[in-house]
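Participant: Let the sequences and hints guide you as you build the complete structure.
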Amino acid sequence: MKHTLSVLVENKPGVLTRVAGLFARRGFNIDSLAVGQSEDPALSRMTITIDGAEQPIDQVTKQLHKLINVVKIRDLEPKGMVAGELLFVKVSAEGEKRTEVLQIAEIFRAKIVDVDRRVVTLRVVGTTDKLEALLELLKPLGVLEVVRTGTIAIGRGRGG
Amino acid sequence: MSPDKKLKGSEALVAALEHEGCEVMFGFPGGVAIPFYDALYDAKRLRHVLVRHEQGAAHAADGYARATGKVGVCVSTSGPGATNLVTGIATAYLDSSPLVAITWQVRSDLIGTDAFQEADITGITLPIVKHSYLVKKTAELPQVVHEAFHIASTGRPGPVVIDIPVDVALGELAYRDADTLDLPGYRPTFRGHVKQIRAAAKAINEAQRPVLYLGGGAISSGAAAEILRLAELRRVPVATTLMGIGAFPETHELAMGMLGMHGTVTANYAVHECDLLINLGARFDDRVTGKLKAFAPHAKVIHADVDPAEIGKNVPAVIPIVGDVKHVAAGLVKELEALEWPAERTAEWLARIAARKEEYPLDYEDPKDGKLAPQLVIQEIDRVTGHDAVICTDVGQHQMWATQYYTYTSPRQFISSGGLGTMGFGLPASIGAQIGRPEKTVVDISGDGGFQMTVQELATAVSCGLPIVVCILNNGYLGMVRQWQDLFWNQRYSCTCIEAQPDFKRLAEAYGALGLTVNEKDEIEPALREALACEGPAVIDFRTSAESNVFPMVPAGQEITEMIGGQAKGKGRRSS
Chain D
1 MKHTLSVLVE
11 NKPGVLTRVA
21 GLFARRGFNI
31 DSLAVGQSED
41 PALSRMTITI
51 DGAEQPIDQV
61 TKQLHKLINV
71 VKIRDLEPKG
81 MVAGELLFVK
91 VSAEGEKRTE
101 VLQIAEIFRA
111 KIVDVDRRVV
121 TLRVVGTTDK
131 LEALLELLKP
141 LGVLEVVRTG
151 TIAIGRGRGG
Chain A
1 MSPDKKLKGS
11 EALVAALEHE
21 GCEVMFGFPG
31 GVAIPFYDAL
41 YDAKRLRHVL
51 VRHEQGAAHA
61 ADGYARATGK
71 VGVCVSTSGP
81 GATNLVTGIA
91 TAYLDSSPLV
101 AITWQVRSDL
111 IGTDAFQEAD
121 ITGITLPIVK
131 HSYLVKKTAE
141 LPQVVHEAFH
151 IASTGRPGPV
161 VIDIPVDVAL
171 GELAYRDADT
181 LDLPGYRPTF
191 RGHVKQIRAA
201 AKAINEAQRP
211 VLYLGGGAIS
221 SGAAAEILRL
231 AELRRVPVAT
241 TLMGIGAFPE
251 THELAMGMLG
261 MHGTVTANYA
271 VHECDLLINL
281 GARFDDRVTG
291 KLKAFAPHAK
301 VIHADVDPAE
311 IGKNVPAVIP
321 IVGDVKHVAA
331 GLVKELEALE
341 WPAERTAEWL
351 ARIAARKEEY
361 PLDYEDPKDG
371 KLAPQLVIQE
381 IDRVTGHDAV
391 ICTDVGQHQM
401 WATQYYTYTS
411 PRQFISSGGL
421 GTMGFGLPAS
431 IGAQIGRPEK
441 TVVDISGDGG
451 FQMTVQELAT
461 AVSCGLPIVV
471 CILNNGYLGM
481 VRQWQDLFWN
491 QRYSCTCIEA
501 QPDFKRLAEA
511 YGALGLTVNE
521 KDEIEPALRE
531 ALACEGPAVI
541 DFRTSAESNV
551 FPMVPAGQEI
561 TEMIGGQAKG
571 KGRRSS
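Chains as they are written, first to last, in my numbering: chain D, 1 to 160; chain A, 1 to 576.
Everything labelled a hint here was simulated from the structure, so no lab data went into it. In this text the structure is predicted, and so the values were computed from the model without any measurement. All C-beta atoms in this analysis are idealised placements derived from N, C-alpha and C, irrespective of residue type, glycine included. Worth double-checking, as some hints may not be accurate.
[As the list claims (entries may be wrong)] EDC-like cross-link-like pairs, simulated, lysine to aspartate or glutamate; straight-line CA separation at most 20 Å:
#1 D:K12 x A:E140
#2 A:K136 x D:E10
#3 D:K66 x A:D182
#4 D:K12 x A:D120
#5 D:K72 x A:D182
[To be verified] Restraint-style ranges between C-beta atoms, simulated for each label pair:
#6 A:E337 x D:G52: 37 to 45 Å
#7 A:R437 x D:K2: 48 to 56 Å
#8 A:P127 x D:R118: 26 to 34 Å
#9 A:R191 x D:D75: 52 to 60 Å
[Stated by the list, open to error] Just a few of them, taken from the derived set where beta-carbon distance is under 10 Å, the chain A residues facing chain D:
#10 T122
#11 G123
#12 L126
#13 P127
#14 K130
#15 H131
#16 L134
#17 K136
#18 K137
#19 A178
#20 T180
#21 L183
#22 D307
#23 P308
#24 A309
#25 E310
Facilitator: As structure tokens, then:
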């Protein structure tokens with residue numbers, strides 16, 4: 001089962017290295033890791049997605065807790081969170097293909113952020129599943145480059 | 001220190017260390033460390049011990065910490081000085097020893113340029129520290145030192161690195177002692193949950209075959225008195241890990257000695273047969289459990305540890321308790337005192353253990369080559385020092401014999417690299433231990449292999465006038481590896497024979513220490529007495545047999561029942 005960890009850390013140099021280093025040393029595999037400043041400038045929030053079948057999630061959170069700069073960890077329930085990811089994709093869109101790309105973009109509510117005679121760049125936000133589905137459809141048209149942020153997530157309701 | 005006094009960074013560091021109660025530090029200077037050493041020149045209370053290699057500084061600080069329970073401090077210059085500390089930092093990390101390692105760093109504006117003697121020591125040590133700091137501003141120094149000491153010594157203790165660029169030492173600050181902490185992510189739990197302790201007490205009360213399994217946490221939390229009370233209250237037999245040695249007096253009738261790979265037959269079979277295993281401050285290390293699936297197969301497990309990540313890591317606990325051993329043991333005693341308990345409940349179990357102790361004592365045969373039995377040397381050290389010396393060791397056969405044949409009666413009496421298994425630890429650790437506990441007799445039991453890894457620290461011991469007795473069990477081999485080659489690798493002794501050996505007596509004398517050589521049984525005691533009477537360090541070269549192996553032995557990854565050696569009394573013991 002996929003776990004989404006929301007990890008509040010002190011906004012200090014080297015904290016990302018400590019977290020990444022811990023995962024490497026203990027042999028935990030990360031699916032994705034996204035980090036940015038939180039509502040408090042002294043704290044950053046990391047969203048880490050990890051496969052619970054591959055490593056005991058209990059050990060992962062306990063080991064993370066041992067890092068002095070880690071303030072709080074929440075293992076977000078799939079039903080109790082809102083999660084999403086931002087993706088840029090550059091697709092070849094010459095001639096007839098262009099219409100198809102634009103149609104797909106519309107279905108997925110992707111925004112066209114750059115365009116020239118040969119290429120269209122789309123920006124899309126959504127769950128990992130949605131992004132995967134989009135990429136699947138675009139693949140036959142010629143996906144040239146993909147950049148994604150990794151999942152970020154937030155708890156529903158007041159509980160955060 | 002009067003508030004807001006103008007100081008240089010280097011002076012502020014001295015003041016901050018003194019404020020933390022640091023009396024002594026072990027170190028070695030170098031280019032970027034000069035400003036600090038200049039400030040040390042005027043230090044009134046802080047003593048600096050000059051070692052001969054930075055590895056020695058880290059181990060000496062570690063030995064000091066283990067012998068006293070205080071934070072050990074070592075210091076080095078940048079680059080190679082700092083990297084030479086690495087083995088010592090890893091040793092402290094694996095054994096949860098409170099160490100603060102101060103490393104000097106190249107100027108801030110040179111960091112990242114591959115400057116002369118630059119090494120990214122906070123990066124290099126990342127996986128082997130509890131925490132680390134790279135100090136950017138002079139004004140941060142007092143706070144960083146205060147936090148480092150707090151982190152190193154509380155919760156599960158461990159090493160903290162403070163890396164300081166030289167310009168930070170040269171800068172000025174308005175110095176004020178740091179007394180407050182701002183560590184939102186660090187709040188170790190000391191007091192075990194009352195409900196869990198109550199459940200554990202109930203389980204102990206009902207157990208018919210309980211065993212106490214004590215680890216390093218029992219020593220570091222200072223729990224010996226509470227544990228003694230607990231064991232006696234419900235007559236629970238006690239096994240200790242290597243790190244737990246001394247947490248329970250081995251002269252006590254409930255003591256079974258060490259468990260694990262080279263543990264006693266009694267301790268290992270007690271764990272195998274028990275219905276309740278009470279782990280206080282140990283971590284189910286592979287050297288203790290052997291084959292995990294077959295470990296303590298009939299037992300319900302209580303696991304108390306100050307580090308929540310240890311609970312459930314290797315063995316699932318039915319009753320987990322996050323808390324330090326001292327608080328948990330005290331809580332258990334309190335709960336148990338209120339419960340009814342018929343002494344006959346464990347009578348059969350205690351009788352079984354007593355019988356096994358009688359039938360399977362630690363035993364050895366005299367070597368056929370006529371050389372000294374290494375076990376006898378340890379027994380003689382035990383007898384001559386009256387179970388009371390602080391024993392430091394290196395790693396290998398002599399270390400295991402030191403666990404088996406010396407009788408430990410108090411905590412912090414056995415100082416050894418358990419987790420990392422660092423050869424070369426013994427001599428520098430004994431220097432730290434002797435400085436920390438000048439009133440005690442300190443004996444370093446070493447092998448001819450490990451001793452030569454940090455032999456240069458004899459000069460440190462001589463210059464400090466430390467009356468350490470170094471006992472080398474010299475069998476001419478890297479004995480523990482040879483033992484594995486003997487038992488599991490068809491006696492193919494690849495690279496374990498030390499062919500060119502110095503004359504340790506003359507080597508000791510060259511350093512200005514007393515040197516003695518012992519070949520015969522009846523020379524052991526006089527040599528020990530002469531060495532103990534000597535005001536400075538003494539080195540005794542005991543010529544021991546290479547035939548002797550450490551038994552009993554549970555081969556790595558196997559079940560307790562696969563034990564080699566440890567036959568019943570009178571049936572003789574297998575030897576190589």
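Participant: For each hint, tell me whether it holds in the structure or not.
Facilitator: Hint check results:
A hinted pair counts as satisfied when its Cα atoms are at most 20 Å apart, and D:K12 with A:E140 qualifies at roughly 14 Å. At roughly 17 Å between alpha-carbon atoms, A:K136 and D:E10 fall within 20 Å of each other, so this suggested pair holds. For the hint pairing D:K66 with A:D182, the CA-to-CA distance comes to about 16 Å; that is within 20 Å, so the pair holds. Using a Cα cut-off of 20 Å, the hinted pair D:K12 and A:D120 holds, with the two alpha carbons roughly 17 Å apart.
In summary, the hint linking D:K72 to A:D182 is supported, as the alpha carbons are separated by about 15 Å, within the 20 Å threshold. Range check, A:E337 to D:G52: about 43 Å between beta-carbon atoms, so the 37 to 45 Å window is met. Restraint check, A:R437 to D:K2: a C-beta distance of roughly 53 Å satisfies the suggested window 48 to 56 Å. A hinted range of 26 to 34 Å for the beta carbons of A:P127 and D:R118 is inconsistent with their spacing of about 47 Å.
Restraint check, A:R191 to D:D75: a C-beta distance of roughly 25 Å breaks the suggested window 52 to 60 Å. Restraint check, A:T122 versus chain D: the minimum CB separation of about 7 Å is within 10 Å; hint holds. For the restraint placing A:G123 at the interface with chain D, the shortest Cβ-Cβ distance is roughly 7 Å, inside the 10 Å limit, so the hint holds. With a least beta-carbon distance of about 5 Å to chain D, the hint placing A:L126 at the interface is held under the 10 Å criterion.
Interface restraint check: A:P127 against chain D, minimum CB-CB distance 5 Å, threshold 10 Å, status holds. For A:K130, the shortest C-beta to C-beta distance to chain D is roughly 7 Å, which falls under 10 Å, so the interface hint holds. For A:H131, the interface hint holds, since its Cβ comes within 10 Å of a Cβ in chain D; the closest pair sits about 4 Å apart. With a cut of 10 Å, the hint placing A:L134 at the interface with chain D holds, because the nearest CB-to-CB distance is about 7 Å.
A cut of 10 Å between beta carbons decides the hint on A:K136: the least distance to chain D is about 8 Å, and the hint holds. Contact between A:K137 and chain D, as hinted, is not supported at the beta carbon level, the nearest pair being about 12 Å apart and thus beyond 10 Å. Using the Cβ-Cβ criterion of 10 Å, the hint placing A:A178 at the interface with chain D is not satisfied: the shortest such distance is roughly 16 Å. The restraint placing A:T180 at the interface with chain D is violated, with a minimum CB-CB distance near 16 Å, outside the 10 Å limit.
Among the interface hints, the one on A:L183 holds; its C-beta lies about 6 Å from the nearest C-beta in chain D, closer than the 10 Å criterion. Evaluation of the A:D307 hint against chain D yields a held restraint, the C-beta minimum of about 7 Å falling below 10 Å. Taking 10 Å as the C-beta cut-off, the interface hint given for A:P308 holds, the closest approach to chain D being about 5 Å. Because the smallest distance between the Cβ of A:A309 and any Cβ of chain D comes to about 4 Å, under 10 Å, the interface hint for this residue holds.
Because the closest C-beta pair between A:E310 and chain D is about 9 Å apart, less than 10 Å, the hint holds.
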